[in-house]
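Asker: Residue strings, one per chain:
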Amino acid sequence: MQIQVKKFYYGDIPDSGSGSAPSAKQVNPSEEWPLWEVFIRSKQGLDHKHAGSLHAADAEMAIENARDVYTRRQEGISIWVVESKYIHASKPEESGMLYDPAEDKIYRHPTFYDLPDAVKHM
Amino acid sequence: MSVHELEKLFQDKIDQEIKIEPRDWMPEAYRKTNLRQISQHAHSEIVGMLPEGNWIGRAPSLKRKAILLAKVQDEGGHGLYLYSAAETLGFSRDQMIEDLHSGKAKYSSIFNYPSLTWADMGAIGWLVDGAAILNQVMLCRTSYGPYARAMVRICKEESFHQRQGFEILLVLSRGTEAQKAMCQDAINRWWWPSLMMFGPKDSESTNSDQSMKWKIKRKSNDELRQQFVDMIAEQVKVLGMTLPDPDLVWNESRKHYDFGEINWEEFWNVVKGNGPCNKQRLEARRKAHDNGAWVREAASAYAAKKAARRKTVAA
Ligand SMILES: [Fe+2]
Ligand SMILES: [Fe+2]
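First to last, the sequence lines map onto chains Y and X. Per the working numbering, the first sequence starts with residue 7, numbered consecutively. Per the working numbering, the second sequence starts with residue 202, numbered consecutively.
Please keep in mind that the hints were generated in silico from the structure rather than gathered at the bench. Wrong hints could be hidden among the right ones.
What the hints assert, rightly or not - Partner residues are not named here, just some residues of chain Y that face chain X (Cβ under 7 Å, in silico):
#: 1; residue: 14
#: 2; residue: 15
#: 3; residue: 16
#: 4; residue: 17
#: 5; residue: 19
#: 6; residue: 24
#: 7; residue: 25
#: 8; residue: 27
#: 9; residue: 30
#: 10; residue: 31
#: 11; residue: 58
#: 12; residue: 59
#: 13; residue: 63
#: 14; residue: 64
C-beta: ideal position from N, C-alpha, C; glycine also.
So that you can see chain Y by itself, here it is in the shape it has in the complex:
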C-alpha cells in the first residue's frame, strides 16, 4: 500500500509545494554524541522515573544537561543517566507469549476471594 500524506495540517508542512531545498548533506550518525536515557526521582522516597533522553559527550555532561532540561521547575532531587545502548528491551512481537499467561490467573488478586462481611481487617 502506497499512502502519501499531503494534507497541510497545522504544524505539518508537506515536502512538496512548500519550496523545500531538494537535498541536504548526509551526516554521519556515528559522529554524534551518544544518546542517554534520563531517570528522575521527583521526591525522596519515590522511584526514579524515565523522563526522556538527550545527547551528551559523557555521563557528567548528561547529568548536567538533564538538570537543565528536566528539573527547571523543581521536578527532581536526583538524576540517573544511562547510555541508551545499554538498555535491553522485550520485543513487542513477544508480548503475547510474555504477558498473556497472567491474564487468567485472577486468583492472584484479593478480590477473587468471597468472604463474609463479618471478617474484619482482611
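Using the hints, position chain X with the ligands against chain Y.
Answerer: Then chain X with the ligands, alone, in the frame of chain Y:
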C-alpha cells in the same frame, strides 16, 4: 503476517486508542508523517527562540529579563523533547539539524516575522504561544506515544508563556498614550500571522484525511482556528484594544465569531521562504551552530581524555 494484516492490526489499535510505541510495527507513511511533523515542530521551537532571544537584553526590567530568559530556555527544552521523540523513529539528531540549516526542513512560518518593539514580546506570548497551545493540547492525545508524552510535558510549561505575554500587554494597555499605541500596533501586526499558523482552510485541501484516521491529528485547521478566534476576541476586550479585522463579529446562530479572509498569498510566500526574516533566521541558526563547533569538539575531546584516564587507573 502479510502487510495487509499488519495494517489492519495497526488501525485496530489506533481505533481502540492504544498508543503506538517506537518498536511497534507501523506503516511507512505513518512513520514518515510523524517524523516530518515532529521534527518540524522541534525546529519551530528552536527557531522560535530567535525573535524573543533578540529582546532579552532589552527587556525593560530585571524581572522582565528573567521571565523572558526563562521562557526562551523553555522553548529550547521543548525543542529537545521533540527532537528526542523524532529520533525514536530512526532518524539522527545531527541529520535533522543539518536539514534545518540547509533549508530542506520546514518550521512554523510565524517565526519569519520580525519582533520590532517590546510590545511584540507580549503579542508573541499571548497570540503565538496561544495559537501553539491549542495545537499542542490536541497533540497530547496524538497516537504516537513519544510525541504525546513530549506534548504533555510541553503543555505543562506553556501556560506561563501565554500568561506572561498577556500580562505584558495588560501593563502597556494601562500605561501612557505611547505605550497604548505600541500595544495596539503589536496586536495589529501579529494578529493575521497568528491566524495563518493554523494552516490552509480545510476546503483548500482535497487530499485524504490520513492524519485524522491515524489520530496523529484530531482537529482540523479550521476548527482550531475558530477556537482561537473565539478565545482571543473575548480576551482582547480586557486589554481595551481591538483586533485589526473589520469583519470580526459575533454570529449568534453559529455561536462563534465570524472573521475576515486571510491573505493566503502572503501565507504561501512566507512558507516558500520569502517572508520578512526567513533568511535572517536561518543565518542566525547556522552561525550559532558553527560558532559552537569548537565547544562540541572540546567536550568530545575532554570526554575521551577522561575515559582514557579511567582505563589507565583501572589497569
Ligand atoms: Fe514551546
Ligand atoms: Fe512557548
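Asker: Would the hint on residue 64 (chain Y) stand, with a C-beta cut-off of 7 Å toward chain X?
Answerer: Holds, because the Cβ-Cβ distance from residue 64 (chain Y) to chain X comes to roughly 4 Å (cut-off 7 Å).
Asker: Do the numbers back the hint for residue 27 (chain Y), that is, is its least Cβ distance to chain X under 7 Å?
Answerer: With a closest approach of 4 Å, the residue 27 (chain Y) hint holds.
Asker: Please verify that hint: residue 24 (chain Y), Cβ, nearest Cβ of chain X, below 7 Å or not.
Answerer: Constraint on residue 24 (chain Y) satisfied, holds at 5 Å.
Asker: Hey, does the residue 31 (chain Y) contact hint survive, CB to chain X under 7 Å?
Answerer: holds, 6 Å
Asker: Would you settle whether the hint for residue 30 (chain Y) is holds or violated, based on the nearest Cβ-Cβ distance to chain X being less than 7 Å?
Answerer: holds, 4 Å
Asker: Using the nearest Cβ pair, does residue 16 (chain Y) come within less than 7 Å of chain X?
Answerer: Holds, because the Cβ-Cβ distance from residue 16 (chain Y) to chain X comes to roughly 5 Å (cut-off 7 Å).
Asker: Residue 63 (chain Y) was flagged as interface toward chain X. Is the shortest Cβ-Cβ separation under 7 Å?
Answerer: OK, holds: residue 63 (chain Y) within 7 Å of chain X, min 4 Å.
Asker: Would the hint on residue 17 (chain Y) be counted as holding, given a Cβ-Cβ threshold of 7 Å to chain X?
Answerer: With a minimum Cβ separation of about 6 Å from chain X (threshold 7 Å), the hint on residue 17 (chain Y) holds.
Asker: Taking the closest Cβ pair, is residue 58 (chain Y) under 7 Å from chain X?
Answerer: Holds, because the Cβ-Cβ distance from residue 58 (chain Y) to chain X comes to roughly 6 Å (cut-off 7 Å).
Asker: Taking the least C-beta to C-beta distance, is residue 59 (chain Y) closer than 7 Å to chain X?
Answerer: holds, 5 Å
Asker: Against chain X, is residue 25 (chain Y) within 7 Å by beta-carbon distance?
Answerer: This interface hint holds because 3 Å falls under the 7 Å limit.
Asker: So, as I understand it, the hint says residue 19 (chain Y) touches chain X; can you test that by seeing if any CB pair is closer than 7 Å?
Answerer: Given a least distance of 4 Å, the restraint on residue 19 (chain Y) holds.
Figure legend: structure checked against the earlier numbered hints; every hint is met.
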